[in-house]
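Peer 1: Letter by letter, the chains look like this.
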Amino acid sequence: LSAHRHDPHRVLAVVAERRLSLELPTLDLGFVIALHVRAQRAQLAAFDEQQLADIFAEVCTALEPGAEHLKKRATYAIARLREQRMLARVDGHGLVRTGEYALTRLATGIVEFFLEEDVLTRESLTLLTATLRTTLAEVVAAAEGAGTVVETWQRAVVGPLRVTVSELVAGIERRQRGLDLQQEEFQAEIRRLLEADWFGAIERCQGLLESTSATLRELNEILLRETSMLLALVHDLEELALGSGVPDAEDAVQRVIEQLDRIAAWGASRQRAWSEYFQYVHRYLRDVVRLDPSRALVQRLRDQLTGTAGKPFALTIAGAVPIRLLRTVAPPRDQLPVVRPKAPREKEPAADDGVDPQEVLDGQVQRALDGGRRTLAAVTGAVNDEVAEGERYVMAGRVAQTAARLARARADRERPWVAVDDQLVIEDWRLATTGQGGRR
Amino acid sequence: MTRGFAMLQDVIMDPDFPATDLALRHGRHIDRDDAARYALLLDGQEHLEAFYRRYGCELIYKADGYFYLLPTSDALPRRHLGVGDMLVGQALALLYLDPASVERGGLVTKEQVIEQLVTVLGGDALIRLFLPKRRRIDERLAQKMVRAKVDEAIRRLAALGFAEAIELPAGAAPRAAGGARADDGRLRLRPALLRFAEPVRGLSAPAEALAKLVADGEIALVDDAPADGEGEGDEAGEGGGDGDGDGDDEPELET
Chain A
64 LSAHRHDPHR
74 VLAVVAERRL
84 SLELPTLDLG
94 FVIALHVRAQ
104 RAQLAAFDEQ
114 QLADIFAEVC
124 TALEPGAEHL
134 KKRATYAIAR
144 LREQRMLARV
154 DGHGLVRTGE
164 YALTRLATGI
174 VEFFLEEDVL
184 TRESLTLLTA
194 TLRTTLAEVV
204 AAAEGAGTVV
214 ETWQRAVVGP
224 LRVTVSELVA
234 GIERRQRGLD
244 LQQEEFQAEI
254 RRLLEADWFG
264 AIERCQGLLE
274 STSATLRELN
284 EILLRETSML
294 LALVHDLEEL
304 ALGSGVPDAE
314 DAVQRVIEQL
324 DRIAAWGASR
334 QRAWSEYFQY
344 VHRYLRDVVR
354 LDPSRALVQR
364 LRDQLTGTAG
374 KPFALTIAGA
384 VPIRLLRTVA
394 PPRDQLPVVR
404 PKAPREKEPA
414 ADDGVDPQEV
424 LDGQVQRALD
434 GGRRTLAAVT
444 GAVNDEVAEG
454 ERYVMAGRVA
464 QTAARLARAR
474 ADRERPWVAV
484 DDQLVIEDWR
494 LATTGQGGRR
Chain B
53 MTRGFAMLQD
63 VIMDPDFPAT
73 DLALRHGRHI
83 DRDDAARYAL
93 LLDGQEHLEA
103 FYRRYGCELI
113 YKADGYFYLL
123 PTSDALPRRH
133 LGVGDMLVGQ
143 ALALLYLDPA
153 SVERGGLVTK
163 EQVIEQLVTV
173 LGGDALIRLF
183 LPKRRRIDER
193 LAQKMVRAKV
203 DEAIRRLAAL
213 GFAEAIELPA
223 GAAPRAAGGA
233 RADDGRLRLR
243 PALLRFAEPV
253 RGLSAPAEAL
263 AKLVADGEIA
273 LVDDAPADGE
283 GEGDEAGEGG
293 GDGDGDGDDE
303 PELET
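Residue numbers (my numbering), protein chains in the order written: chain A, 64 to 503; chain B, 53 to 307.
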């Protein structure tokens, strides 16, 4: 877990993978606390099995009087605590002899939460920040003399930053959390005082509020002043670490900076939150408690709500219709009809490099005449052989016109009808080439 | 810091005036938590009292630390809270007076509001009050509908400045004296809730106090009308909510 301590996703993944859990009923918690107290009082580093059983029996007598099978229950309780890593066997002899057990850091942490009132006070904060300042100054001095020697940086800078400085800062943070808890207890205390004594509780409530406010204000002032000095030292250290090129040193300095920022932010945020609460409770004491010393208002309001105190009523309130604000909108643009780009209906004439059909026809007719065909029917037949069937009628007219132009046409008064093919019959002419003295 | 408003014009020219004026006209109660508006009203109180009197209404300042506008003529429309809003408002006022709310800095959950109503009125009576038209109704459905109506009433009352839905930035953990997420259904109770307790706050008998408040135009007596039997479609202004479309919307009476 410690390898991934800065990555919450990975930490959670490890917690899920190992299925970590804690289950600590009152009896087990009492057992752990009793062990801690006994260890402190008798200066014990570890307990043998008989001592554990005796202490468990005492706890049972206090918490569950009349419980039976104490030895068996002690065995199970010890097993539960070992499974949850709150009790560790420290002798290492295994089966050879009965074991010796000590509370783990986890168990000690839990016990300290319940037993020790580590609350931030003016004295503890001043002492801790002064020690922190001295330690940091020593670390800065060591860093200045360390040059770029990695071993010296590790021993004289990184080590103290990670252990001494971090522990001191963690001590302040732990006490801050203690003070948070104390504030919550004060809030609950104010409630209890009001419920118990109502009007008579005003003075004590105000006393609690003002003492907490004064404490927070004082602590915030110390934090602001001290953290700025501490941060100045750490920034010097950061510059030295950057110059040394030792990555561990940069990381360690960065962590201390983050811790100090967090400590400073705590003071401001708690003072603000408490200030809001302070104002709220003061208003409550002034507007509710002082104006209703006999605390009759709640009952009268209940009677009013149930309808036993009088007729139902409704509060009158102003109910102006919301002003209709005309929106400033851009005038809509005229919608243009959907059109295609305009194009000229008639295409402009363009030069065509294609073959002139009349020229082709002239060639065909001329070849037929040159081939010795001397009648229109023969020429038409020759040309029509090269034309599709459906175009032969039209082509016959064009052949006649072309033949008349290229040759001299002669016809009798009565022109004979001559079949060109199976489907076409024309009035025939005789044709003579122009060289034969024909008319054009 | 107190601003010296020598003339009404100075008050009106204040950048906070338009929003404050609109809020008051829509029935909102303005207390210290609306810091800028409250300060404006406090500093310009003398000028504004005369100003609103010309509109036929009184700018009321209560010693509990809040302002509101009370129409005394027909020049400015007025309305009365519906029965459901009155029930929820009185429950909120009871919570406001409860030392348990003091421990939490005036924060309550919607569940606590419903619990308060059930404790004082009883579950069956609560359903009858909110759903009088429903003669035979599945209990589970009825409870769901009542919860929805309480939610609507809370939303309308919050719009009128009687409470405030708490919102915290994403990722911020709720604290006992701090706040909670809006989706937790938490509310911060505000001093204007004491208006619901006005008839029983004084030393005089409730009937006498009621008569005086009626005479002052602060309240209107209503028949034992059910929460959803007062017509429909008359919601107006900021306090109007959007109903659930089942014809049981909580109306506010307009006069």
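No wet-lab data here; the hints were simulated from the structure. There could be a bad hint or two in this list.
When the alpha-carbon atoms are kept at most 30 Å apart in a straight line, the in silico DSS-like pairs for lysine-lysine are as follows [stated by the list, open to error]:
1. Lys-374/A <-> Lys-114/B
2. Lys-196/B <-> Lys-185/B
3. Lys-162/B <-> Lys-374/A
4. Lys-162/B <-> Lys-185/B
5. Lys-374/A <-> Lys-264/B
6. Lys-405/A <-> Lys-196/B
7. Lys-264/B <-> Lys-114/B
8. Lys-196/B <-> Lys-162/B
9. Lys-196/B <-> Lys-374/A
10. Lys-114/B <-> Lys-162/B
The model shown is predicted, which means the values in this text are computed figures rather than measured ones.
Peer 1: When the structure is checked against the list of hints, which entries are broken? Sort them ascending.
Peer 2: 6
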